Amino acid sequence: MNQPPSPDEGPGSDDAPLGGVHLKYLHHCPRQLWLYTHGYRPEQRSDLVAFGEVIDETTFTRRRDIDLGEAKIDWVTAGAVIHETKSSRAPAPAHAAQVRHYCLLLERRGVAVRGGVVHYPLIRRTVDVPWNDEARDQARQDEALARSVIAAPTTPPRLPRRECRGCSYLDYCWGD
Amino acid sequence: MPAVGRTYWLTEPCRIRREDDSLRIERPDNTPVRIPITDVRDLIAFDHVDINTSALSILSRNGVSLHVLDHYGNHAGHFAPTDAMSSGPVLRRQVELTADPDLRATIGRALILAAGENLRWSLDTDHLDPALATLRAKLPSCDERDAIMAQEGNYRRTGWAVLDTQLPPWLRLNGRTRRPPTNAGNAFISYLNTLVYARVLTAIRSTPLHPAIGFLHADTDRRRNTLALDLAEPFKPLFAERLLKRAASQKHLKPSDFETEVGRASLSKNGRKKVAVLMREELDTTVYHRTLKRKVSYEELIHLEALKIVRLCLEDKPYKPFRPWW
Ligand code: SF4
Chain X
1 MNQPPSPDEG PGSDDAPLGG VHLKYLHHCP RQLWLYTHGY RPEQRSDLVA
51 FGEVIDETTF TRRRDIDLGE AKIDWVTAGA VIHETKSSRA PAPAHAAQVR
101 HYCLLLERRG VAVRGGVVHY PLIRRTVDVP WNDEARDQAR QDEALARSVI
151 AAPTTPPRLP RRECRGCSYL DYCWGD
Chain U
1 MPAVGRTYWL TEPCRIRRED DSLRIERPDN TPVRIPITDV RDLIAFDHVD
51 INTSALSILS RNGVSLHVLD HYGNHAGHFA PTDAMSSGPV LRRQVELTAD
101 PDLRATIGRA LILAAGENLR WSLDTDHLDP ALATLRAKLP SCDERDAIMA
151 QEGNYRRTGW AVLDTQLPPW LRLNGRTRRP PTNAGNAFIS YLNTLVYARV
201 LTAIRSTPLH PAIGFLHADT DRRRNTLALD LAEPFKPLFA ERLLKRAASQ
251 KHLKPSDFET EVGRASLSKN GRKKVAVLMR EELDTTVYHR TLKRKVSYEE
301 LIHLEALKIV RLCLEDKPYK PFRPWW
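Those sequence lines, one after another, are chains X and U. With our numbering, the residue at position 64 of the first sequence is 64, and numbering never jumps. With our numbering, the residue at position 34 of the second sequence is 34, and numbering never jumps.
Quick caveat, the hints were computed from the structure, so don't treat them as lab data. Be aware that one or more of the hints could be misleading.
[Stated by the list, open to error] Pairwise CB distance ranges (calculated):
{"#": "1", "chain 1": "X", "residue 1": "A151", "chain 2": "U", "residue 2": "T106", "range": "26 to 36 Å"}
{"#": "2", "chain 1": "U", "residue 1": "Q250", "chain 2": "X", "residue 2": "P156", "range": "20 to 30 Å"}
{"#": "3", "chain 1": "X", "residue 1": "R108", "chain 2": "U", "residue 2": "G77", "range": "46 to 56 Å"}
{"#": "4", "chain 1": "X", "residue 1": "I123", "chain 2": "U", "residue 2": "R61", "range": "28 to 38 Å"}
[As the list claims (entries may be wrong)] So, partial list: chain X residues that the calculated Cβ filter (under 8 Å) puts toward chain U:
{"#": "5", "residue": "Y40"}
{"#": "6", "residue": "W75"}
{"#": "7", "residue": "V76"}
{"#": "8", "residue": "Y120"}
{"#": "9", "residue": "S148"}
{"#": "10", "residue": "P156"}
{"#": "11", "residue": "L159"}
{"#": "12", "residue": "S168"}
{"#": "13", "residue": "D171"}
{"#": "14", "residue": "G175"}
{"#": "15", "residue": "D176"}
Being a predicted model, the structure only gives us computed values, none of them experimental. Think of the CB as a built atom: it goes at the ideal place given N, C-alpha and C, for glycine as much as any other residue.
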């Protein structure tokens with residue numbers, strides 16, 4: 001919280017790193033990903049997002065491994081396990097996609113990746129995310145899709161209004 | 001921007017210090033108040049404030065602005081946090097758009113017409129209809145900023161004369177005067193207009209927009225935040241003229257709320273408090289927003305207005321200035 005957003009990375013450029021947040025937005029709404037990468041980031045106003053961050057900060061305070069963007073990583077004998085914490089009460093495909101993206105990034109750095117886990121402290125559940133050929137393909141496809149959304153010259157359309165509930169871009173998209 | 005936070009209105013002289021992650025506000029007659037910095041959105045100083053650098057740096061780190069009003073309610077300046085929200089693509093586009101003479105004129109005319117209609121709405125009288133019709137007729141042929149502003153000047157003068165008919169003699173404007181305001185009515189309008197400007201400035205700063213790059217007001221003659229002046233236009237009547245009219249009809253203001261000398265007037269200490277309370281209540285007033293499908297406060301309306309300009313910059317979505325729909 002209260003950290004200035006990172007300086008603009010030049011949307012669409014190929015060397016701009018794609019982080020977990022880009023993947024999360026891609027799955028939620030391509031328009032959100034586009035707006036985020038083109039310079040509008042309302043997150044800091046949103047209580048919901050702040051709550052998520054607090055959970056991230058306090059849940060795994062004892063595991064200070066390395067940081068890859070937002071993900072926490074455990075090193076076990078068989079490789080690396082990526083842990084991602086969500087304040088959500090419902091597991092969603094986007095959460096696993098985010099973890100697969102971290103796996104891909106880590107693997108590109110030459111790390112043997114074993115897989116990932118999504119943690120849902122509010123419902124005391126975890127979901128395993130396997131890492132295999134299929135998962136790697138999916139991660140690559142997601143990455144390519146995210147890049148094409150970001151590189152598009154115009155904004156992707158809005159989602160149907162009911163699917164915007166809870167989105168921190170709602171005031172921007174619907175406030176006319 | 002803090003995730004949550006509100007505006008603190010400092011109507012009395014005070015001293016601001018930092019204490020851990022809080023602001024410690026010391027008032028002359030009172031025990032100090034501590035406010036967690038995350039609870040502060042911005043501060044508005046109506047009176048003398050003594051502040052040190054460690055308090056300023058905690059303000060900056062948390063994205064909090066401090067607005068300073070002078071004795072007559074002019075915006076004397078503000079302390080602004082380092083540009084945390086800025087974004088290259090939005091700013092580039094903002095510069096391009098504001099440099100386009102056609103777009104400048106289009107947006108300038110739209111702002112002035114909205115301000116005119118909103119004044120008519122605020123005064124709630126048909127005495128302004130002929131002037132509004134003239135404004136509507138004349139604006140389309142105004143291509144330059146000065147011509148647009150001249151039309152707005154004519155209309156406003158009529159508007160203030162009409163407002164005077166709804167005010168007790170001691171509160172009448174008798175022509176608009178600033179720097180300094182010459183009478184109580186003008187002092188009231190000056191303060192309220194400044195508060196609107198400060199709200200708009202704070203709203204703009206929560207977006208990637210630069211407040212100094214605007215469409216209508218000239219950015220050469222005064223070192224002012226012209227985009228904030230632009231976006232304040234449609235909101236000024238909603239707050240200033242409307243609250244003056246209301247305070248007069250409810251007999252809420254007294255001559256003792258002003259310090260009047262020959263040729264100059266300002267709010268008294270008690271008057272400043274009243275104005276802060278009036279404005280705060282008004283900003284908290286909510287209306288139902290049809291596309292957001294929830295209630296929004298007047299304060300949020302100002303924020304939504306700034307977002308419309310972001311949409312203009314990012315998506316070329318035409319800007320339609322705010323008009324009350326209720
Ligand atoms: S408000 Fe709706 S359309 Fe806009 S970014 Fe969010 S989900 Fe997408």
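Problem - Hint check: 8 Å Cβ-Cβ cutoff, X/S148 to chain U - result: Violated: closest Cβ of chain U sits about 18 Å from X/S148, beyond 8 Å.
Handout entry: Status of the hint placing X/Y40 at chain U (closest C-beta pair under 8 Å)
Key = Since the shortest Cβ distance to chain U is 6 Å, the answer is holds.
Exercise for the section: Hold the hint about X/G175 up to the distance rule: shortest CB distance to chain U must be less than 8 Å. Expected result: holds (4 Å)
Problem - Restraint satisfaction for X/D176 [CB to CB of chain U, less than 8 Å] - result: holds (6 Å)
Problem - Evaluation of the interface hint that places X/S168 against chain U, nearest CB under 8 Å - result: Hint violated; X/S168 Cβ to chain U Cβ min 11 Å, cut 8 Å.
Problem - Interface restraint verdict for X/W75 against chain U (beta-carbon cut-off 8 Å) - result: Interface hint status for X/W75: violated (33 Å vs cutoff 8 Å).
Exercise for the section: For the range 46 to 56 Å, tell me whether the beta carbons of X/R108 and U/G77 fit it or not. Expected result: Given a distance of about 50 Å, which is inside 46 to 56 Å, the answer is holds.
Problem - Minimum beta-carbon distance criterion (8 Å), X/Y120 to chain U - result: violated (22 Å)
Practice task
For the hint on X/P156, just tell me whether its beta-carbon gets within less than 8 Å of chain U.
Solution key: violated (10 Å)
Exercise for the section: Could you see if the CB distance from U/Q250 to X/P156 stays within 20 to 30 Å? Expected result: Roughly 50 Å apart at Cβ, these two residues miss the hinted range, so it is violated.
Practice task
So, X/D171 near chain U? Judge it on the closest CB pair being under 8 Å.
Solution key: holds (6 Å)
Handout entry: X/V76 as chain U interface residue, shortest Cβ-Cβ below 8 Å
Key = violated (35 Å)
Checked against the numbered hints given earlier, this structure breaks hints 2, 6, 7, 8, 9, 10, 11 and 12; the rest are met.
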